Amino acid sequence: MAMKTKLSLAIFLFFLLALFSSLAMARKGREVKDPELETCKHQCRQQHQYTESDIELCTEKCDKYHQMKKEREREIEEEIRRKKEHEIKRSSHHHEEEEEEEEGENPYVFEDQHFDTTVETEGGRVRVLKKFSKLSKFLQGIENFRLAIIEAEPHTFMPPRHLDAEAILFNMKGRGIIGLVVEDKTERLNLESGDIVRIQPGTPFYIVNRDENEKLLLAVFHTPISTPGNYEEFFGPGGRNPESVLTAFSWEVLQAALKGPRKELESLFDQQNEGGIFKIPREQVRAMAPKKSIWPFGGKSNPFNLFSTSPIFANQYGRLLEVGPDNDKSGLQGLNLMLTFANITKRSMTTVYYNTHATKIAVVKDGEGHFEMSCPHVSDSKSKRGRVSYHRISGNLKPGMVFVVPAGHPFVTISSKRNNLQIICFEVNATGNKKLTFAGKNNIVRALDHTAKGLSFNYPPEKVDEIFNRDEQFFFPFFEEPARADA
Amino acid sequence: MAMKTKLSLAIFLFFLLALFSSLAMARKGREVKDPELETCKHQCRQQHQYTESDIELCTEKCDKYHQMKKEREREIEEEIRRKKEHEIKRSSHHHEEEEEEEEGENPYVFEDQHFDTTVETEGGRVRVLKKFSKLSKFLQGIENFRLAIIEAEPHTFMPPRHLDAEAILFNMKGRGIIGLVVEDKTERLNLESGDIVRIQPGTPFYIVNRDENEKLLLAVFHTPISTPGNYEEFFGPGGRNPESVLTAFSWEVLQAALKGPRKELESLFDQQNEGGIFKIPREQVRAMAPKKSIWPFGGKSNPFNLFSTSPIFANQYGRLLEVGPDNDKSGLQGLNLMLTFANITKRSMTTVYYNTHATKIAVVKDGEGHFEMSCPHVSDSKSKRGRVSYHRISGNLKPGMVFVVPAGHPFVTISSKRNNLQIICFEVNATGNKKLTFAGKNNIVRALDHTAKGLSFNYPPEKVDEIFNRDEQFFFPFFEEPARADA
Amino acid sequence: MAMKTKLSLAIFLFFLLALFSSLAMARKGREVKDPELETCKHQCRQQHQYTESDIELCTEKCDKYHQMKKEREREIEEEIRRKKEHEIKRSSHHHEEEEEEEEGENPYVFEDQHFDTTVETEGGRVRVLKKFSKLSKFLQGIENFRLAIIEAEPHTFMPPRHLDAEAILFNMKGRGIIGLVVEDKTERLNLESGDIVRIQPGTPFYIVNRDENEKLLLAVFHTPISTPGNYEEFFGPGGRNPESVLTAFSWEVLQAALKGPRKELESLFDQQNEGGIFKIPREQVRAMAPKKSIWPFGGKSNPFNLFSTSPIFANQYGRLLEVGPDNDKSGLQGLNLMLTFANITKRSMTTVYYNTHATKIAVVKDGEGHFEMSCPHVSDSKSKRGRVSYHRISGNLKPGMVFVVPAGHPFVTISSKRNNLQIICFEVNATGNKKLTFAGKNNIVRALDHTAKGLSFNYPPEKVDEIFNRDEQFFFPFFEEPARADA
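Chains as they are written, first to last, in full-length UniProt numbering: chain A, 1 to 487; chain B, 1 to 487; chain C, 1 to 487.
Because the hints were derived from the structure by calculation, they are not lab data. Because the structure is a prediction, the values reported are computed rather than measured. Just so it is clear, CB atoms sit at the ideal spot from N, CA and C, and this is done for glycine as well. You may find that some hints are simply not true.
The calculated EDC-like cross-link candidates involving lysine to aspartate or glutamate, where the alpha carbons are at most 16 Å apart (straight line), are [to be verified]:
1) LYS259(B) x GLU264(C)
2) LYS185(C) x ASP449(A)
3) LYS435(B) x ASP449(A)
4) LYS463(A) x GLU264(C)
5) LYS259(A) x GLU480(B)
6) LYS441(C) x GLU274(B)
7) LYS435(A) x GLU183(C)
8) LYS259(A) x GLU472(B)
9) LYS185(A) x ASP184(B)
10) LYS441(B) x GLU183(A)
11) LYS291(B) x ASP449(C)
12) LYS259(B) x GLU183(C)
13) LYS259(A) x GLU266(B)
14) LYS259(A) x GLU52(B)
15) LYS434(B) x GLU183(A)
16) LYS441(B) x ASP471(B)
17) LYS435(B) x GLU183(A)
18) LYS259(C) x GLU472(A)
19) LYS463(A) x ASP270(C)
20) LYS259(B) x GLU252(C)
21) LYS434(A) x ASP184(C)
22) LYS215(B) x GLU233(B)
23) LYS441(A) x GLU183(C)
24) LYS417(A) x GLU252(C)
25) LYS435(A) x ASP184(C)
26) LYS463(B) x GLU214(A)
27) LYS441(C) x ASP184(B)
28) LYS263(B) x GLU466(C)
29) LYS463(C) x GLU266(B)
Distance ranges between label pairs, derived from CB positions [stated by the list, open to error]:
30) ARG262(C) x PRO325(A): 38 to 44 Å
31) ASP116(B) x ASP112(C): 35 to 41 Å
32) SER53(A) x SER53(C): 53 to 59 Å
33) LYS329(B) x GLU214(C): 42 to 48 Å
Based on the provided sequences and hints, a complete structural model is requested.
Next up, the structure:
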């Protein structure tokens with residue numbers, strides 16, 4: 001038996017080759033005349049004992065067989081084509097799933113490699129976080145949202161475009177200008193750190209970094225309106241780089257619509273720019289500065305600024321700012337979206353808490369830190385009867401990283417010893433949301449009645465209260481040494 | 001090497017055949033006694049040097065190997081079965097994709113072959129456009145909508161049914177009657193060309209072509225309420241053709257519910273009609289004519305008529321009519337749907353424009369023409385960094401064709417030299433929608449501020465305005481010769 | 001030809017084996033040195049007529065070929081891996097589909113085997129009906145809803161948890177207490193048979209069976225808010241069984257958040273309880289009894305009770321109770337959900353009727369009976385032109401069974417000769433819903449106008465009315481003998 005196996009080893013490898021080559025041939029073989037068919041027919045004709053009709057029957061069978069074979073080949077070709085397509089479609093997904101495993105099953109924390117770079121020029125870059133449903137099967141519920149990060153170098157211009165998505169732009173850092181085409185003119189707004197601007201679907205807009213030295217850093221949160229989880233950019237104006245959406249039309253259409261002579265149109269649409277974001281001279285930056293424009297949302301000439309709101313929690317360990325759909329001036333009405341900003345003092349932490357309704361999509365703005373979340377999904381022991389088990393999701397945080405906290409999942413964020421940790425969050429499904437805490441003032445354990453508390457913990461209720469209660473609310477110290485003594 | 005390849009060519013083709021045959025056999029081979037297993041065991045027994053126990057061990061190994069082989073076969077069988085299922089499920093999709101390729105990658109324009117015929121009798125036919133998500137992966141966002149076209153010959157009757165869908169019926173041509181069972185009686189309404197009737201889910205309705213000579217042509221736009229993208233017809237009344245929904249119940253149930261003797265019920269439910277749409281005599285058409293019925297929507301006895309509304313744009317090159325959810329009398333409240341009608345004068349075109357929110361599902365009512373759309377999805381160069389590229393989607397239009405324009409996508413429609421082009425559109429996600437134009441009065445290029453315009457086009461802003469501006473709004477001439485001189 | 005086939009039979013089986021073995025090897029072969037490559041190179045070196053450079057070229061080709069082969073192998077490996085994953089993902093689905101076939105194609109009636117048991121202890125059990133989209137492809141439209149049945153033994157406690165779902169709790173039987181953590185205290189409510197309590201997402205709650213002898217039976221209807229069709233339980237308080245959601249956090253986090261010494265925390269979180277539902281002494285039941293709590297919904301101290309509402313239909317054959325989103329006191333506002341209770345007197349039936357908008361998810365509370373529904377989906381003849389056909393879905397009903405009736409589908413339920421049949425229904429998509437009947441007072445056939453009725457049935461309209469009309473409304477007798485004469 002052993003020898004037989006050994007023998008087949010060589011034979012099989014050869015057959016494997018045969019199979020592959022056959023498949024490869026099957027894909028290319030359609031155009032060429034089939035030598036096998038010719039051979040088959042030739043053999044029919046060489047049979048001396050055959051009568052004319054025998055030969056005819058024989059060649060007929062060759063044809064029939066050949067036809068059947070071709071059909072099979074086509075099926076296989078089709079199969080291969082389909083698999084290839086399938087692979088393309090699912091490649092990013094598989095990629096991620098492998099990464100998850102390598103990263104120790106963390107489908108909630110995302111870094112640079114989870115973004116696609118859609119623009120990268122000397123003027124800056126645009127990175128779009130992959131579709132959430134492709135990043136993790138646990139995030140299917142937010143698959144229709146897409147987060148993009150725009151980085152623009154000093155004195156740059158990002159030419160006008162419109163999107164098939166609702167977009168909420170949050171200015172994380174730097175000083176910009178946004179121009180929005182509303183009705184028959186362009187509304188221009190200064191963008192300061194903390195500003196929120198809502199860009200309605202289809203509205204043409206451009207962006208300028210008006211600062212001479214500092215980068216402009218924008219987080220844009222998209223809700224696609226046509227295809228779930230996908231949105232597209234449509235560059236209105238002419239030119240080749242970025243390519244104008246008008247270049248797809250035939251010259252006949254463009255000539256009739258624009259009434260211009262073809263030469264002029266060609267010259268217009270052949271203009272080159274320096275890509276998706278490009279440097280512009282100081283005079284042009286100044287020329288685009290807003291001139292006391294009347295902002296349609298809330299009747300103010302400036303966007304709503306999250307950083308200038310009153311904190312909903314604040315102590316020496318941190319501050320939490322929040323603006324939601326019930327704030328009339330935010331421009332977020334009707335969106336079921338809330339924006340929050342947490343500034344966690346160095347050496348501190350948030351309490352252990354969860355959102356009752358909202359799923360939080362968080363971007364680290366500044367600082368470093370750590371994130372821990374309790375998650376029932378990933379647990380293996382889930383399948384066992386009578387037992388739900390929880391798994392720790394954790395990760396170190398640094399600027400630009402994204403993490404997601406689904407509704408109901410308790411979590412903490414902790415700042416490093418060196419820096420405050422600043423986090424910007426887009427919280428979807430925000431209507432009716434509450435933040436419920438497990439520790440500190442007004443925690444839910446304390447709110448449990450006496451008997452139930454004792455039964456639930458199988459521990460004296462007074463002792464439970466002692467453990468869960470404390471005077472601080474929401475932000476606590478984490479590292480024992482005093483915060484100031486450290487570098 | 002060359003010879004080797006040549007040799008393998010023949011061998012591989014043979015192996016290919018072998019592979020196919022083996023697979024085919026694997027599917028059927030489970031029942032028959034395996035000859036290979038028999039041979040293996042036979043060889044064991046023929047080894048002269050073998051002791052009894054050697055032979056036993058040998059045959060055991062045969063069995064083991066055979067079992068393993070069978071398992072592999074089953075896996076392959078299973079694989080094949082699954083693929084077949086998969087193929088069946090996706091066949092229409094793939095079918096379309098192939099067609100797309102043949103038609104020059106056009107997943108947005110649909111003709112007769114993209115419809116399923118659900119009724120076809122002497123009295124008329126009903127055709128339902130395949131699920132949008134099966135027609136094209138780019139149309140997943142509208143997969144829950146289904147468009148049907150009803151054609152009824154003169155003096156015909158389409159018996160009562162109800163649907164598990166919200167239905168908006170638009171009378172494209174001809175003179176009909178619709179009977180709607182509302183509370184305890186039947187509301188009958190005359191249908192004229194341009195009439196819109198909303199049929200609530202579950203409402204039984206029937207349709208009559210009351211004209212003696214002209215066909216009745218209805219477009220019905222469905223929003224299924226139970227299963228995404230699928231709706232069903234439930235024929236209430238008895239009879240065999242169309243089959244009554246009641247025939248599925250057991251006789252015991254029908255007898256108890258209807259209290260009739262079984263004979264009578266059998267006779268009732270065995271009645272034949274002439275199918276889904278059938279001819280009826282003139283007297284019966286007359287008997288069903290509405291008698292000053294009180295229409296529940298808007299307190300009028302007639303349906304809302306789109307053709308009698310004031311155009312939102314009109315000039316010698318075309319007219320655009322529109323009715324949306326904010327029109328109280330339309331019956332469209334709460335549906336997030338708009339109906340529009342464009343009548344493009346022969347030799348003319350619409351401007352290049354896009355919808356900010358709405359996705360347009362258009363049906364060509366009359367005339368011929370051409371359609372062009374700029375589309376970022378299909379482009380190959382999308383994957384390259386810093387570059388988005390646009391692809392032209394185009395198609396010739398003729399009556400009965402359907403095309404889809406997703407939100408944000410700029411497009412034009414052009415009439416032929418011979419006829420006006422008339423297009424009926426169902427526009428979903430209509431709330432807050434605006435039509436923004438690239439050329440003509442009030443175009444979005446003009447609205448761009450001076451500096452941004454120059455930077456975006458890399459071209460003198462004054463020249464840009466010259467090209468994009470013109471006096472006409474929305475409809476322009478297309479063919480240079482005067483429209484009247486032509487046949 | 002015949003001999004050729006016979007010959008190939010043997011050869012093919014061998015090749016099949018070859019193929020399988022090759023594939024298997026391909027999966028493992030990456031690490032080992034490839035013997036085929038060695039052989040190839042060896043043969044190059046053995047060609048006496050070859051010059052040095054010929055040999056070099058030859059071995060180079062070996063390498064090239066080998067590389068190509070490896071790539072192909074990897075592709076195949078990848079393919080296999082992907083299929084395996086695919087299988088795992090879809091296995092439950094396939095499993096269900098098979099079950100359907102075995103059960104005689106009944107994807108609308110569900111029994112014990114369609115539930116997953118998530119808790120099973122001496123104190124009781126919790127069973128969750130599988131995802132509707134996995135139970136049947138026809139139920140994709142309700143895939144986001146999940147039904148759970150809680151059975152708690154006398155004097156038991158189900159410790160506090162919160163859910164990432166909106167939950168509507170219906171008390172089918174028994175006497176319970178529910179404690180809900182609202183703001184900073186616990187609202188406790190007595191649960192009587194028929195009580196409805198809405199548990200907002202994220203709200204911690206616990207349940208007590210306060211009765212000394214009777215089981216507590218609750219139906220809980222969940223609308224997950226994060227992941228479609230999936231919800232999770234988060235056990236707030238500490239302990240090991242059920243495991244606290246806090247145990248997933250690192251000791252550093254717990255120590256900093258709770259400020260307690262590690263020893264104490266360890267002791268707290270190491271406490272054992274007796275699982276998801278456990279027995280408690282009478283004194284503790286009493287200590288948790290509500291004390292004139294102020295109920296936030298409707299300003300009452302008791303939950304809304306469905307059984308105490310006025311029936312919308314009632315006669316000697318049955319009673320129908322209903323509470324929907326337009327009832328201010330029900331707590332169902334904004335949910336698009338209706339709860340109904342049908343009590344069908346023994347030997348009786350409901351009329352043949354359908355819901356215009358709502359899909360009904362029904363749980364048998366008491367009694368036995370029978371269910372029949374007319375369904376167009378399952379029919380084979382659907383594909384034939386001009387014909388829709390209906391299929392009977394039927395099943396015997398007993399306590400604990402679940403059946404689903406999609407909108408538009410006519411159905412009946414019939415009680416047994418022995419017992420009243422009591423059914424609790426959760427009806428989703430309830431806004432605007434009407435119940436339309438085919439028989440009895442005010443049926444839709446009667447509402448059809450005279451001419452249309454005659455045409456539709458191809459039968460004299462007067463006779464049709466005679467058959468469909470009767471004095472009783474909604475509930476009819478089913479078995480002919482008088483109801484009282486029977487046991």
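Of the hints given before, which are not true for this structure? Failing hints, ascending: 1, 3, 6, 9, 12, 13, 14, 20, 22, 26, 33.
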